[in-house]
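Student: Now for the letters of each chain:
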Amino acid sequence: MIETRSLKTLTRRQLLSRGIAAGAGLVVGSGFVAGRDAAWATEMDAMKPDSFATLVQMARDIYPHDKVGDQYYAAAVKGYDVPEEVDFAQSGIDMLEDASRAAGFDSYLGTGWEADRVAILRGIEDTDFFQRVRGGLVTGLYNQKEVWPIFGYEGESYSKGGYMYRGFDDITWI
Amino acid sequence: MAAPFELTDDNVVVIIGTGAGGGVLANELAQKGVSVVALEAGGRYLPEDYVNDEWESFGQLAWTDTRTTSGDWRVARDFSNLPAWIVKAVGGTTTHWAGASLRFQPHEWKAFTTYGEVEGANLLDWPIDADEMDPFYARAEDKLGVTRTNGIPGLPGCNNYKVFEAGAKELGYKEVHTGRMAINSQERDGRMACQQTGFCFQGCKWGAKWSAAYTDIPAGEATGNLEVREKAHVARILHDDSGKVTGVEYFDANGDLQMQRARVVCVAGNSFESPRLLLNSASSMFPDGLANSSGMVGKNYMRHLTGSVYATFEQPVRMWRGTTMAGIVQDEARHDPSRGFVGGYELETLSLGLPFMAAFLDPGAWGREFTTALDSYENMAGMWIVGEDMPQESNRVTLSDVEDQFGLKVANVHYSDHPNDIAMRDHAYKQGAAIYDAVGATRTLPTPPYPSTHNLGTNRMSERPEDGVVNRNGRAHDVPNLYISDGSQFTTGAAENPTLTIVALAIRQAEHIASEMNQGAL
Ligand SMILES: Cc1cc2nc3c(=O)[nH]c(=O)nc-3n(C[C@H](O)[C@H](O)[C@H](O)COP(=O)(O)OP(=O)(O)OC[C@H]3O[C@@H](n4cnc5c(N)ncnc54)[C@H](O)[C@@H]3O)c2cc1C
Ligand code: SF4
Chain A
1 MIETRSLKTL TRRQLLSRGI AAGAGLVVGS GFVAGRDAAW ATEMDAMKPD SFATLVQMAR
61 DIYPHDKVGD QYYAAAVKGY DVPEEVDFAQ SGIDMLEDAS RAAGFDSYLG TGWEADRVAI
121 LRGIEDTDFF QRVRGGLVTG LYNQKEVWPI FGYEGESYSK GGYMYRGFDD ITWI
Chain B
1 MAAPFELTDD NVVVIIGTGA GGGVLANELA QKGVSVVALE AGGRYLPEDY VNDEWESFGQ
61 LAWTDTRTTS GDWRVARDFS NLPAWIVKAV GGTTTHWAGA SLRFQPHEWK AFTTYGEVEG
121 ANLLDWPIDA DEMDPFYARA EDKLGVTRTN GIPGLPGCNN YKVFEAGAKE LGYKEVHTGR
181 MAINSQERDG RMACQQTGFC FQGCKWGAKW SAAYTDIPAG EATGNLEVRE KAHVARILHD
241 DSGKVTGVEY FDANGDLQMQ RARVVCVAGN SFESPRLLLN SASSMFPDGL ANSSGMVGKN
301 YMRHLTGSVY ATFEQPVRMW RGTTMAGIVQ DEARHDPSRG FVGGYELETL SLGLPFMAAF
361 LDPGAWGREF TTALDSYENM AGMWIVGEDM PQESNRVTLS DVEDQFGLKV ANVHYSDHPN
421 DIAMRDHAYK QGAAIYDAVG ATRTLPTPPY PSTHNLGTNR MSERPEDGVV NRNGRAHDVP
481 NLYISDGSQF TTGAAENPTL TIVALAIRQA EHIASEMNQG AL
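For the protein sequence lines, the chains are A and B, in the order given.
Counted from 1, the first sequence has number 25 at position 25 by the UniProt record's numbering; the numbering is strictly sequential.
Counted from 1, the second sequence has number 515 at position 515 by the UniProt record's numbering; the numbering is strictly sequential.
For reference, chain A alone in the conformation it holds in the complex:
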């Protein structure tokens, strides 16, 4: 999960006043990226905040689940915000921005509509950058235990005695 760390102490108003809206549900400030509702925020260790916001939006556009909040996508790509990964990520994001400009937009986050971003991603889907980000999301996103309930998945069951007495055959509509 994304930690709010020192940003925890900021009120929602203070947090929002220190950043600017970016992408669908993101606020970018100096040294941090937060949710538009300020329900979560993460401080940047190595990556530029607007680059991270772009990466979060890209993650959502690759595996869009409308019921899954941005904080889970942010958690899934936070691993690039380390010194060993940041150059790789930044050069990929630069390429993504070039592709966005070539498609007639100011930036990836400046596109506005998902369909435009998906078209841009289709153009770079064979690159190492895209494939590594996509591949990493398969576990980075779907293996977050906090995400499972959103899909109804119940996870570990042994400690609860399995489903023998908890609905293994409770289907009624069939």
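I should point out that these hints are in silico values taken from the structure, not numbers from a laboratory.
A few of these clues could be false.
Claimed, not checked - Examples of chain B residues lying across from chain A (beta carbon under 10 Å, computed): (1) ASP129; (2) ASN160; (3) GLY167; (4) GLY190; (5) ARG191; (6) GLN195; (7) VAL317; (8) PRO363; (9) LEU374.
Stated by the list, open to error - Where chain A lies over chain B, by a calculated footprint (3+ residues, C-beta under 8 Å): (10) 150-159; (11) 366-372; (12) 375-387.
As the list claims (entries may be wrong) - Sample of chain B residues at the chain A side, in silico, Cβ under 7 Å: (13) ASN52; (14) SER57; (15) GLY59; (16) ALA166; (17) GLN315; (18) PRO355; (19) ALA358; (20) PHE360.
Every residue, glycine too, gets a C-beta built ideally from N, C-alpha and C.
Keeping the supplied structure of chain A fixed, place chain B with the ligands upon it in accordance with the hints.
Tutor: Same frame as chain A, now just chain B with the ligands:
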């Protein structure tokens, strides 16, 4: 009490690998008073160690040492270093397995005679038949406690099964039931009944599912005749000037090279590692690899054609609740060339948790076509196709240029579908989708084969030495005291999940080896 044997003891039978084949063989021999040293590359994990978490369990149990791939199967693209999903642990892949335990149909022992010449396929009859196997199947079913045999009731049907059953019956299928499963539907052999926990692929924490790890292996150790050395990775099989094997070299838990002498060596490392070991044991006397005068070591790799069908519905199914493989349709298992292919297939329910579903539903896919399917995860039902794939010489395990952590060449696995495989899979996809459509599926999703769980045929059994690697007893045609004891000895794959047959063959082989030893012929 586990017996300790000396490295210099040349009276022991050395078994390499402790899965369905090796684990059972080790116990069966130990029960007969034969001294056995079983060398297992993996560590020992028991029910208290298993975790109800797909990726964590995979990290704990799966064989993740490098392998390489080639051929036009999708696995080579999507999982290029993971051609198989199998286990490296005491008990082998019986920790992961789902427990479906089916006998071959009688005609499947004679695939060449039954199907005739199939272009591009390397079909052959097994040198043994259904009558000969019958008593060994009976013993295997009793050992594994297979439901619907020996008076053991079937398991109750879970949600995933109920959807599957209703659709199958709607379609007119007759042989539809909750399967013949090596999972206790009631207490048996000191192991409790299934609690419908739903993590059968991650190791059964209740011990309700049969696994060699906590049945045959401790039973063998209790005789005092079996020593299992874990984290012992066999590198090479050694032989003398007369062409008999004399022992094996292995890397122990500290990475030190050891040599264990042997009277007999039985190879049971599953269908990639067993041929790899024979190939890595090449010598001036056996320049193409041990026991390979036929050139068949590594060839004719089979994996069952497989594939899955998932479907979404208007209302919840919650397929993950309950046994992972919870029921079967057997009507399509017959040989009926009017369908456009030889051989047949089984349909079996299957459930994956959300993390594995995301990885395997359509590897490499992205965007809303993919994510909307996962959005309906709670309303999803699923089934797996198990069908006979054609043996082809070009589908094979060879030595790669890549080396493992011990400096040993790893296995490269090459596989391409035969046209018969493609025709059968297409048929099965259609029938699977029709089952779900019949009960109101809103969407059906054909899913490509996962990394192989059934790996067969790479040291196949043959009547004539020029057609295969081992004879009717699993004994190498070329080396009198070398045996193959796992799924790699399969001549053809049949439509059924292989493990019951691997176990029956191991029980049979134990009888043979013990009797040969008594007669002084080994
Ligand atoms: C998820 C899953 C579900 C399955 N479900 C079913 C099912 O329902 N029904 C069914 O019939 N089958 C099922 N199977 C298949 C079944 O598990 C295998 O067919 C069976 O376990 C194979 O037995 P084996 O003896 O050939 O090899 P394994 O059981 O894989 O054992 C081989 C052992 O050898 C060891 N080894 C390998 N190389 C070396 C070496 N060089 N030195 C020392 N040790 C070595 C390995 O570490 C391993 O422990 C399933 C498999 C999987 C993965
Ligand atoms: S569903 Fe049954 S067999 Fe499978 S892991 Fe749970 S208790 Fe064991």
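Student: Which of the numbered hints are not met once you compare them with the structure shown?
Tutor: 1, 4, 5, 14, 15 and 20
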